[in-house]
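Colleague: These are the residues of each chain, in order.
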Amino acid sequence: MSALQEVVNDTQPVETTPKKYMALGTTASVVVVLLLCLAPLIAKNFVIFQMTMVLIYAIAVLALNILTGGSGQFSLGQSAFYAVGAYSSAILMENFGVNYALTLPISGAICFLCGYLFGLPALRLSGIYLALATFALATAMPQLLKLHYFEHWTGGVQGLVITKPDAPFGLPMSQDMWLYYFVLVVSMVIYVASVNLLKSRSGRAMMAIRDNEIAASAMGVDVARYKTLAFGVSAGITGVAGGLGAIAVQFVAPDSYTIQLAIALFLGMVVGGVGWLPGSIVGAAFIVFVPNIAEEFSKGLSGAVFGVILVLIIFLLPHGSRQIAYTVQNWVHKLGRRG
Amino acid sequence: MTQAQVSSSASPLLAVRDVSVVFGGIVALNGISFNMQKGQILGLIGPNGAGKTTLFNCLSRLYQPSKGDILLEGESILTRPPHRIAEIGIGRTFQNVALFPNMSVVDNVRVGAHCRTNSDIVSDSLRMPWIRSSEKALNKKVDDILGYLELRNVAHTTVSGLPFGTQKRVELARALAAEPKILLLDEPAGGLNHEEVYILGDLVRRIRDDRGITVLLVEHHMGMVMSTADYVVALNFGRKLAEGTPTQVQNDPDVIKAYLGSKDEQ
Ligand SMILES: Nc1ncnc2c1ncn2[C@@H]1O[C@H](COP(=O)(O)OP(=O)(O)OP(=O)(O)O)[C@@H](O)[C@H]1O
Ligand SMILES: [Mg+2]
Chain A
1 MSALQEVVND
11 TQPVETTPKK
21 YMALGTTASV
31 VVVLLLCLAP
41 LIAKNFVIFQ
51 MTMVLIYAIA
61 VLALNILTGG
71 SGQFSLGQSA
81 FYAVGAYSSA
91 ILMENFGVNY
101 ALTLPISGAI
111 CFLCGYLFGL
121 PALRLSGIYL
131 ALATFALATA
141 MPQLLKLHYF
151 EHWTGGVQGL
161 VITKPDAPFG
171 LPMSQDMWLY
181 YFVLVVSMVI
191 YVASVNLLKS
201 RSGRAMMAIR
211 DNEIAASAMG
221 VDVARYKTLA
231 FGVSAGITGV
241 AGGLGAIAVQ
251 FVAPDSYTIQ
261 LAIALFLGMV
271 VGGVGWLPGS
281 IVGAAFIVFV
291 PNIAEEFSKG
301 LSGAVFGVIL
311 VLIIFLLPHG
321 SRQIAYTVQN
331 WVHKLGRRG
Chain B
1 MTQAQVSSSA
11 SPLLAVRDVS
21 VVFGGIVALN
31 GISFNMQKGQ
41 ILGLIGPNGA
51 GKTTLFNCLS
61 RLYQPSKGDI
71 LLEGESILTR
81 PPHRIAEIGI
91 GRTFQNVALF
101 PNMSVVDNVR
111 VGAHCRTNSD
121 IVSDSLRMPW
131 IRSSEKALNK
141 KVDDILGYLE
151 LRNVAHTTVS
161 GLPFGTQKRV
171 ELARALAAEP
181 KILLLDEPAG
191 GLNHEEVYIL
201 GDLVRRIRDD
211 RGITVLLVEH
221 HMGMVMSTAD
231 YVVALNFGRK
241 LAEGTPTQVQ
251 NDPDVIKAYL
261 GSKDEQ
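For the protein sequence lines, the chains are A and B, in the order given. Residue 339 is where the first sequence ends in this note's numbering, and the numbering goes up by one at each step. Residue 266 is where the second sequence ends in this note's numbering, and the numbering goes up by one at each step.
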């Protein structure tokens with residue numbers, strides 16, 4: 001219990017807390033957005049695809065960050081919501097001919113509802129017990145998707161194949177590049193809305209619950225309501241990520257959404273920095289690229305190499321990538337004062 | 001019922017009627033009754049384990065009395081869930097400071113105003129114009145309170161890094177942000193030095209005078225209670241020993257006996 005809880009409680013910033021502790025400053029935001037916009041122009045199609053996956057996982061990591069960093073609840077079950085989002089989009093596109101972009105809000109809404117409903121019984125659990133309940137959800141999901149009863153919709157063990165969308169209006173762009181920019185826009189919208197949310201009255205209520213439930217309740221915060229809402233919002237955003245993932249991979253199958261995905265998202269959150277939303281993209285890059293890097297080191301021992309890299313990061317950067325961001329920020333400040 | 005005496009201004013703001021609380025075998029409160037008048041500073045004293053915090057927890061609905069009733073302006077509060085207590089005007093601080101440690105001072109105080117503001121997650125995420133204007137009004141209010149309690153210079157500091165005395169003031173600021181009718185202060189002077197205690201006493205009186213807030217003050221520091229409170233209720237082992245003006249209670253033989261009986265109190 002304590003090891004998990006420390007992740008949440010021990011989120012004190014390295015030095016002084018800057019005012020914009022949840023988001024990036026304006027300059028940093030502009031730089032990051034520019035980099036993300038320009039990068040695909042010099043990259044190969046396969047790399048663009050990988051970058052698209054980074055953005056998609058970043059959305060899913062951000063969703064977990066709202067739940068854990070924001071409201072202090074754990075989840076090892078995010079893969080289940082990701083799966084529901086992916087299948088919802090896939091079924092809507094392939095069986096009902098719904099436009100891919102339109103499937104996303106629907107998948108998000110379906111997952112919001114699932115998360116909200118799951119959050120209701122989860123109210124009685126906290127810490128490690130909640131982690132276990134969500135773990136059970138994650139292990140059950142692939143089996144549910146394989147059920148004979150749903151096979152007509154889900155395609156059973158085979159899964160569903162999805163057609164990749166072309167760039168609209170005859171834009172001279174490869175499918176991969178179009179999808180990258182599409183995902184980039186969606187992720188920026190979700191990021192801005194999430195920052196808004198965490199900085200708002202609702203976000204403060206969630207963080208108050210994370211820090212002290214009894215005090216939050218004495219201040220008039222309806223603890224049950226905000227905890228379930230946090231679950232709903234987190235699941236909804238994860239569902240959008242799942243939908244985008246299905247479109248990008250052009251395929252959904254039960255075994256793509258196992259507990260391993262949930263653990264990867266959890267790692268992404270820790271590496272990015274719990275409660276620090278911009279870290280989500282760093283965490284996502286970690287879970288997309290580091291396993292490949294580990295494989296290049298040694299084919300047979302890639303798992304061990306990955307483990308070593310992970311442990312090193314946790315040792316050197318216990319606050320995740322936010323720690324690097326603060327260090328850089330302090331340097332810039334010092335340079336600014338000298339110059 | 002004693003509501004026949006409507007003519008007098010004596011209808012109490014808060015009435016505690018025959019309240020008992022039992023934990024397993026321990027009777028933490030045993031048939032406690034007293035009234036609080038509007039604008040009063042009522043001191044609640046008693047040795048360790050007398051039941052003072054237990055009474056506070058009944059008032060904020062963390063504990064359910066096994067017997068009796070608690071009325072605010074004539075209406076029972078016992079049907080309300082804990083999170084609907086702030087909105088009817090009961091605010092509190094905690095004996096061992098219960099702030100939101102990873103949040104900044106301003107954010108702590110903003111949460112204090114939760115029950116006085118409105119929003120929903122969709123409008124919050126989209127930062128609708130009405131959200132912007134209500135946040136602006138909130139910031140103004142929070143800034144006023146921080147100025148009032150001389151906390152402006154730590155406004156953006158994370159609470160966990162502040163000294164204990166400052167944290168207690170932040171907790172007071174958070175409670176004021178809820179615009180309470182009654183403020184429950186559980187040992188606000190704990191951990192303060194002699195001089196700070198009297199400054200705090202003045203502050204409590206000022207809060208009452210400036211903002212018309214009725215105060216229920218639990219404090220072990222007798223000097224502070226006697227110089228700050230208008231009226232005192234003394235508890236021991238969950239029973240009411242005495243009530244009256246500070247001088248009356250101080251000279252009550254039962255109270256003297258209770259305090260001499262427990263060596264660690266002056
Ligand atoms: N949640 C609880 N469970 C069991 N017993 C409790 C609980 N809360 C309080 N008590 C018991 O009730 C009695 C009154 O405790 P309370 O905390 O109200 O005393 P107090 O007057 O606030 O004391 P102090 O001055 O030390 O703060 C004590 O015997 C205490 O052990
Ligand atoms: Mg106490």
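No wet-lab data here; the hints were simulated from the structure. Take the hints with a grain of salt, since some may be wrong.
Listed next, the in silico PhoX-like pairs over lysine-lysine satisfying Cα-Cα at most 20 Å (straight line) [stated by the list, open to error]: (1) A:199 <-> B:141; (2) A:199 <-> B:38; (3) B:181 <-> B:38; (4) B:136 <-> A:199; (5) A:44 <-> A:164.
Colleague: Does residue 199 (chain A) sit within 20 Å of residue 136 (chain B), going by the straight-line distance between their CA atoms?
Modeller: Roughly 13 Å between the alpha carbons, so the hint for residue 136 (chain B) and residue 199 (chain A) holds.
Colleague: Under the criterion that the straight-line Cα-Cα distance not exceed 20 Å, is the pair residue 199 (chain A), residue 38 (chain B) satisfied?
Modeller: Given that 20 Å is the threshold and the Cα spacing comes to 37 Å, the pair is violated.
Colleague: Would you check the hint for residue 199 (chain A) and residue 141 (chain B), treating anything up to 20 Å between C-alpha atoms as holding?
Modeller: 17 Å, holds
Colleague: Check whether the Cα positions of residue 44 (chain A) and residue 164 (chain A) lie no farther apart than 20 Å.
Modeller: 18 Å, holds
Colleague: CA of residue 181 (chain B) to CA of residue 38 (chain B), is that 20 Å or under?
Modeller: Roughly 8 Å between the alpha carbons, so the hint for residue 181 (chain B) and residue 38 (chain B) holds.
Of the numbered hints stated above, the single one contradicted by the structure is hint 2.
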